[in-house]
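Note that our numbering has the sequence shown beginning at 128, numbered continuously upward.
Be a bit skeptical, because a hint or two may be false.
Stated by the list, open to error - Label pairs and their calculated CB-CB ranges:
| id | residue 1 | residue 2 | range |
| --- | --- | --- | --- |
| 1 | D663 | E588 | 34 to 42 Å |
| 2 | G390 | G176 | 28 to 36 Å |
| 3 | H574 | D225 | 40 to 48 Å |
| 4 | G328 | E629 | 43 to 51 Å |
| 5 | R460 | I505 | 21 to 29 Å |
Please keep in mind that the hints were generated in silico from the structure rather than gathered at the bench. Ideal Cβ placement from N, Cα and C applies to all residues, glycine included.
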Amino acid sequence: MEPHLSPAAIAVLEERYLRRDDTGALLEDADGMFRRVARAVAAPSEKFGESPQEWEERFYERLSSLQFLPNSPTLMNAGLPGGQLAACFVLPVDDDLDSIFTALLRMARIHQTGGGTGFSFSALRPRGDRVRSTGGVTSGPVSFMELFDHTTAVIREGGRRRGANMGVLRVSHPDIEDFVRAKVTPGRLENFNISVGMTEGFFEALERGQPFPLVNPRTGAIVRHVDPNHLLDLIAEAAWECGDPGLVFLDEINKHHTVPALGTIEATNPCGEQPLLPNESCVLGSISLPRFVSGNDLDWPELRSAIHDAVVFLDNVIEATAHPFPEIEAATRRTRKIGLGVMGLADLLIELNIPYDSIEAVSLAGEIVAFLSVEARIASLELGKRRGSFPAFPESIWPGIGYRALRNATVTCIAPTGTISLIAGVSSGIEPLFALAVCRRLLDGRHFVEVHPALERLLAELGDQAPAVREHVEQHGSIRDLASLPEEVRRRFPTALEIAPEWHVRMQSQFQAYVDAAVSKTINLPADATPAQVRDIYLMAREHRLKGITVYRYGSRRGQVLSLVDDAALAECRECAV
128 MEPHLSPAAI AVLEERYLRR DDTGALLEDA DGMFRRVARA VAAPSEKFGE SPQEWEERFY
188 ERLSSLQFLP NSPTLMNAGL PGGQLAACFV LPVDDDLDSI FTALLRMARI HQTGGGTGFS
248 FSALRPRGDR VRSTGGVTSG PVSFMELFDH TTAVIREGGR RRGANMGVLR VSHPDIEDFV
308 RAKVTPGRLE NFNISVGMTE GFFEALERGQ PFPLVNPRTG AIVRHVDPNH LLDLIAEAAW
368 ECGDPGLVFL DEINKHHTVP ALGTIEATNP CGEQPLLPNE SCVLGSISLP RFVSGNDLDW
428 PELRSAIHDA VVFLDNVIEA TAHPFPEIEA ATRRTRKIGL GVMGLADLLI ELNIPYDSIE
488 AVSLAGEIVA FLSVEARIAS LELGKRRGSF PAFPESIWPG IGYRALRNAT VTCIAPTGTI
548 SLIAGVSSGI EPLFALAVCR RLLDGRHFVE VHPALERLLA ELGDQAPAVR EHVEQHGSIR
608 DLASLPEEVR RRFPTALEIA PEWHVRMQSQ FQAYVDAAVS KTINLPADAT PAQVRDIYLM
668 AREHRLKGIT VYRYGSRRGQ VLSLVDDAAL AECRECAV
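Build out the structure end to end from the sequences listed, making use of the hints.
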């Protein structure tokens, strides 16, 4: 079956995903890509006594109907020699040059194959600390991050994806102020998302009005104390200026760690939805919710079937992938983590006439993510009985709560799906619509003006009023303040910048309450938002027990991936996406 793809989707596939020969001529179309991926991922089923042919057809049906898509490396590399299929990696960085440059080399190799990498730089000694072997002093973690950044800039992932990194530094590190301000200067650390590793100790000091200690990780000695209020203000001001840093709540992450005996989690993948142990990798995939609309509801039995197929698909990828290094293969197979999520939430809500910023929307989201989590776990349980549990199962939390088998230590997360949602023709992840008309820039420099399909259908019904509405949408990206349209129509199409931060956080919280890993979501703010509002959102995120939070003020970073049509000059950067 030839899938129905938009011009933007076809352009992205031809630019980055479809196979070409040595002359650059295309060797496959989208349908051929889906068949290649389905066959390659189904092949490992044979070792478990299952029919690869049967799984190939089931996988192909899910992919070609755009009901489910895996992360980009799987679409790009499945079925190719040495195909590396995972999107997410976390690499260890210890406080010595051998470890630092080993991580640098491995990052480069992973980026070449389409993966993204996360690092905690918290073990590195602070700037100015003595280096005993040379008698000199160290330049600190931020300077080493710049080395990773420069290396990323010259590595093109198979010529198709530019590298993406996450850098995490604990809030107690003596260089935390330098880290927080690292991306305020344009052009610095462009290939990194950065996040402050927050702890409950910091928030307790904040609430009590007590100084907060910064500790040298090499010696364990307190270097100095800072005012936690001032530090939180500094973080909020930097994020207000440039969108970075975000926050990761390390204690919340480790509280829900499914195999705590294996160590403490200190870092995530580049977009924050997968907290991982050092050397772990994870393959992601997302269910396209609008494909399951049936009347005024979802086709829950069909959604259940798709979830179960997707879990088998992602588990098979762990067998089918060419792991880039033995340590990564060992750590990945030890826990067999997968990350199944959803995309197209905003489109689903529009289809069902439910405003994103409403109790009804949050309630439906909870119903969906609870269903996803339960069914994905059941699928992993069934796989565990057929194929065996992940090796670290006896050390995990699962036997203690009644599980006798489980194939995967974690099964769910919510990814941003920036590129695969474009291929699927739906809104990204669980985000609201950015705007009803946006200018999207591809890596080759082309721009696409996209008007939302549901709005196009509305325009077709408006008759003589349509040209004026279209002009308004192209100028403002919204219809909420267009008095000529009925209130119920305007409420149906909220955009990210119109939705109050509280609703963004509530939606993220609803998903976080049920998924195993984390949720990648951006809290969008208008250009006139203040640093104080950013700070308030951080505190709200902690109250809602999120594992991470990212805030972006519109226009604060030149080169944002999505911009309103009249602001197309802003759209000049790469897209970090799965």
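Tested hints:
1. D663 / E588: 34 to 42 Å: 40 Å, holds
2. G390 / G176: 28 to 36 Å: 34 Å, holds
3. H574 / D225: 40 to 48 Å: 45 Å, holds
4. G328 / E629: 43 to 51 Å: 27 Å, violated
5. R460 / I505: 21 to 29 Å: The hinted range 21 to 29 Å holds for R460 and I505, with Cβ atoms some 22 Å apart.
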